[in-house]
Structures are given as C-alpha cells and as structure tokens.
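Student: Residue numbers (this note's numbering), protein chains in the order written: chain S, 51 to 327; chain H, 40 to 301.
Take these hints with a grain of salt, some might be off.
With a cut-off of at most 16 angstroms between alpha-carbon atoms, the simulated EDC-like pairs for lysine to aspartate or glutamate come out as follows [claimed, not checked]:
#, chain 1, residue 1, chain 2, residue 2
1, H, Lys222, H, Asp269
2, H, Lys222, H, Glu192
3, H, Lys145, S, Glu95
4, H, Lys222, H, Glu266
5, H, Lys145, S, Asp273
6, H, Lys222, H, Glu74
Just so you have them, the derived chain H footprint on chain S, three or more residues with Cβ under 8 angstroms [to be verified]:
#, segment
7, 108-119
8, 230-241
No lab work stands behind these hints: they were computed from the structure. Ideal placement from N, C-alpha and C gives every residue a C-beta, glycine not left out.
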Amino acid sequence: MTDTLVESRPIEQRRVALRRTARRHRVTVLGVQVLVIAAVLVAWELLSGRVVQELLVSRPSDVFPTLWGWVTDGTLLQNAAVTFRTAGIGLLCGGVLGILVGVVLGQAKTLAEIFEPMITALYTMPKHALIPLFIMWVGIGSALGVVTAAVIVFFLVFFNTFFGIREVRPSLVNSVRIMGGSEIDVMLRVRLPSALIWVVAALKLAVPQAVVGVVVAEMLAGDSGLGYLVARNAGLFNSAGTFAALIVLLIAGFLIDRLMSWVTRKPLEWKNSNSAM
Amino acid sequence: MTGQGTIFEVRDLAIGFGERDDILRGVDLTIARGEFLTLLGPSGCGKTTILNLAAGLLRPRAGHVRFAGEPINGVNRNVGYMTQDDTLLPWQTVQANIGLPLRMRKVGKAEVASRVGRYLEMLDLGHAANLLPGQLSGGMRRRALLARSMIYEPKLLLMDEPFAALDAQMRHQMHIELRDTVKRAGQTVMFVTHDITEAAKISDRVLIVGGGPPGGIVAEYRLPFGEERDLDTLRFTDEFARVEQQLNRGLLDARSRKGNGS
Numbered sequence: 051m052t053d054t055l056v057e058s059r060p061i062e063q064r065r066v067a068l069r070r071t072a073r074r075h076r077v078t079v080l081g082v083q084v085l086v087i088a089a090v091l092v093a094w095e096l097l098s099g100r101v102v103q104e105l106l107v108s109r110p111s112d113v114f115p116t117l118w119g120w121v122t123d124g125t126l127l128q129n130a131a132v133t134f135r136t137a138g139i140g141l142l143c144g145g146v147l148g149i150l151v152g153v154v155l156g157q158a159k160t161l162a163e164i165f166e167p168m169i170t171a172l173y174t175m176p177k178h179a180l181i182p183l184f185i186m187w188v189g190i191g192s193a194l195g196v197v198t199a200a201v202i203v204f205f206l207v208f209f210n211t212f213f214g215i216r217e218v219r220p221s222l223v224n225s226v227r228i229m230g231g232s233e234i235d236v237m238l239r240v241r242l243p244s245a246l247i248w249v250v251a252a253l254k255l256a257v258p259q260a261v262v263g264v265v266v267a268e269m270l271a272g273d274s275g276l277g278y279l280v281a282r283n284a285g286l287f288n289s290a291g292t293f294a295a296l297i298v299l300l301i302a303g304f305l306i307d308r309l310m311s312w313v314t315r316k317p318l319e320w321k322n323s324n325s326a327m
Numbered sequence: 040m041t042g043q044g045t046i047f048e049v050r051d052l053a054i055g056f057g058e059r060d061d062i063l064r065g066v067d068l069t070i071a072r073g074e075f076l077t078l079l080g081p082s083g084c085g086k087t088t089i090l091n092l093a094a095g096l097l098r099p100r101a102g103h104v105r106f107a108g109e110p111i112n113g114v115n116r117n118v119g120y121m122t123q124d125d126t127l128l129p130w131q132t133v134q135a136n137i138g139l140p141l142r143m144r145k146v147g148k149a150e151v152a153s154r155v156g157r158y159l160e161m162l163d164l165g166h167a168a169n170l171l172p173g174q175l176s177g178g179m180r181r182r183a184l185l186a187r188s189m190i191y192e193p194k195l196l197l198m199d200e201p202f203a204a205l206d207a208q209m210r211h212q213m214h215i216e217l218r219d220t221v222k223r224a225g226q227t228v229m230f231v232t233h234d235i236t237e238a239a240k241i242s243d244r245v246l247i248v249g250g251g252p253p254g255g256i257v258a259e260y261r262l263p264f265g266e267e268r269d270l271d272t273l274r275f276t277d278e279f280a281r282v283e284q285q286l287n288r289g290l291l292d293a294r295s296r297k298g299n300g301s
C-alpha cells in the first residue's frame, strides 16, 4: 500500500476547465437560438404569398424596412416613450398603493378579515374588461393607460406583499423584540425584508403586465403609443406595420424581463446563498 | 421573597394554552446570578414553556414570575434567547446579525464595531464576518446565534435545545465554547435539553421537568464538577458516569409519573 496520495488536478485548473465548459455551453445555446430565429424568418419569407396570403402575414422583407423607417423618422421612439412612460407611472401608482395596503392588512388581522375577501373578489374580475368603465371615468389618452396599468399592478403587488408580511416566522419577530427591537424595528428589519422576496417576485410579473395593460388600453382607445401603432396598422390592413409594432413589443417585453432579472438579483442575493460550506 | 442573588424566580406557577388543562402546575424555581441551570425532561413536558415565561412571551394562569425581583409584563428585553429555530436574519451578514441588538439599543457605531469584533474572535467567526447565514455550516450558525444572544450582556441567557441539530462532535465543541464563554462573562444561563449527557457536562444544577400532565419540577441535582471543568476528560470519569446514572433515574421516574399527576 502506498503512503502518498495521488494528487488530483489542481483546483485552479479545474476552475478554468469548468469556466471553459460553461462558456462553450453558452455559445452553443446562443448559436442554436440564432439559427432558430433565422430559420423562422426564412420560412416566413418563403411561405408568405405562396402558402399564406401576404395580406395576412406580410413578410420580413417588408416588416423590417417599415420598422427601420419608424426608427429613422422618430415614430418608434415617440410611441414607445408614450407607452413606457404611461406604464411606468401606472406601475409606480399601483405598486406603491399595493405595498401600502399589503403592509397595513398584513399587520392588522381584523382589517385583513374584513377587506381581503373583497379585494380577492375584485381581483377575479378580468381587468381589461374594466377599460370601458375607465374610459368613462378618465377619458381616452395616457390617463386611461395609467389607470389600467395601476389596477393590474396593484393586485399583483398587494397579494404578494400581504402574504409576504403574514408569512414572517413568529420566532424572527420575537427574537428581534427580545433583543430590544421596537415595532418599527420589527417592521423595517424583519417584516419588510422578509416580504421583499415576494414583492420582487410580484414586480417581475407586474412590470410586463403593466406594459400589457397600457398597450391594450392604447389599442382600444389610444391616440399614441405602441398599442395605438398596432391597432392603427391593423385597421388599415397594413400587415407589415402591424407586425413591425408587434416585433417592437416582443423585443421590449424580452428586454424588460431581462432588466427585471438583473435589477432583482442583488436584493435577493441572500435567498440564493444556501449552504456553500 | 427574592434573594439578592436571584435573577429569575417562579412561585406556584400554573400555565396552559387556550381551553386545555394546565401543562405545568405548582412549579417553584429560582436561578442565582452566574448559575448555569438546566431543565432536563422528555419532549413536550413544558421546558420550553418555562423559557417562554422568562422571555415574557407567555403569561401564567396562576402564580408569580419575577425577573430581578420585578414581575414580568410583556416581552423581557433583559434576556437573551437562543431558540432551537435559526433566528439569524438571512439577509444580513454574520457581523450585521451579531451587532443587531446593539444597533437597536442605540449603542454607538465604534462600540458596536469593537464588541462585534470581540465576539467574532471569541467564537472563532472572524473569517465568516461578511458571509450570509445561508453560507455558514450548522455549527457556525449556532456560534453566530450565541454571539448575538450574548453581545448585549443580557442578565439571563435562555437556551432551548440550541445544539440539538448538530452532530456529536460539533455539539461537544459547542459545549466547551459555551461553558467557557458564559463562565468568563459571568453569564447566568437557563438551558433546556432532553439529552442527559449534555445536561451533566455543562450544568451547575439540573432540574428534571416532567410528570403529569400537568407536570412540574420532579427532582433537583446539584452537580459536583465545580466551575473549572475539563469537558474533554470529564465525560470519561467514573463520577460523570454516576451523575449520568442519577439523572437517568430521575428522568425515568419523571416518565413513570406521566398520567398519574404530580
């Protein structure tokens, strides 16, 4: 029997090899994604006018020049700015209100017993069906988009904050009280950070939903914005314009999702720090 | 009457939950300052209930519960409480967690940093100061909790089976560190366990809780090992084996009284 241990590959070498494998994997995934998109675009171009009527689906060689035209003449920027500004204001209003009401009802048991079933009942209503009512209340234009987005965001943020506050372990609350913490300490140091993961999860859903709400409002009764672009082009049977607007929404949705993942990574770092030792 | 050296006192206590019968009745108990008292008993006999009374988290149905001569009304901020549950805030680093009680008590920044540094060193956590609790091993988490429970120098440290989740070796190491740390600090401890060996190793005095329901204190043992004890060798001595046997008999007696009233 030998008394010397066989030295395994040094840790640094293994790390380099692991990084290289991970990079290769990422490149492969990206390559396949590019190929799939290219294949869809080629198939779309070839099938349009041959298998499916061009009026219904347009073709990439018409859609992308239309899109580029909007970029160069400022149409895209102007309408995108309207949509995202409106969604941002709606998100802020609905989000702040959702957090406030969630925190209050999450702490006050009796108030929660009274109001939570009512809010749940309202939540089950399809929010987009309320748009005609909102038109009567605030008219058309960006106010309509703000109200629609705020209502959608409110429910998502409220429920997550409410349950986040209520799900806090009593042992954490008691330990902070025993250590000398006031009720404000319990709220700021335990309940809110504990609810943060729920709120962040809600925001990841709420941000794209706010944009959807605004786009739907713009389609139904808007005079500007990306939703308006979709509706106007569809109304004119301009399928290239309709698809160009939809592609903008697709790209915007994707970018928003990635942005939210990046923004929420840091506050939730502790949640992913499971036993590394 | 509460003696000068008594920190916590319970007289003729009865306690229960909701409409159910009392789980403890007729309990008398005192702890002297600087003493390491262990409540030993089977699961569900009411040991944790006594700790919760001392922490002001529960109120008795009858009897007196006094801390430093005063009745306990509401949460008792003069105790440190290390529960079985991991109560480190998972979103704060180890040093932020340990300094938390001091910050909430408005202690100055320099003093907080100095005391946190001292406890990190005392409990060998210096290398983990900036890690999150989720990145620590079980033993390190327990040490961080111990540091946090002691850093504000509470008059009484309550410990509810704090090492139950650790493996035998780690538990032994924690016993050594705990006894060493609390004796150096002159800390009074009320410790709860159902582990006879653990109780025999670290305690100055052991109360057996059981019988019933309703249960009570069924036996008391003052351990003969003295303040300065070497926990590495103590457990292999004949005297230690005798103490373990005595505690075991006391525990069996408490179990046999179950259902017969106490």
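Student: Indicate, hint by hint, whether the structure satisfies it.
Tutor: Evaluated hints:
| no. | hint | in the structure |
| --- | --- | --- |
| 1 | Lys222/H <-> Asp269/H | holds (13 angstroms) |
| 2 | Lys222/H <-> Glu192/H | holds (13 angstroms) |
| 3 | Lys145/H <-> Glu95/S | violated (70 angstroms) |
| 4 | Lys222/H <-> Glu266/H | holds (8 angstroms) |
| 5 | Lys145/H <-> Asp273/S | violated (56 angstroms) |
| 6 | Lys222/H <-> Glu74/H | holds (9 angstroms) |
| 7 | 108-119 | violated (count 0) |
| 8 | 230-241 | holds (count 6) |
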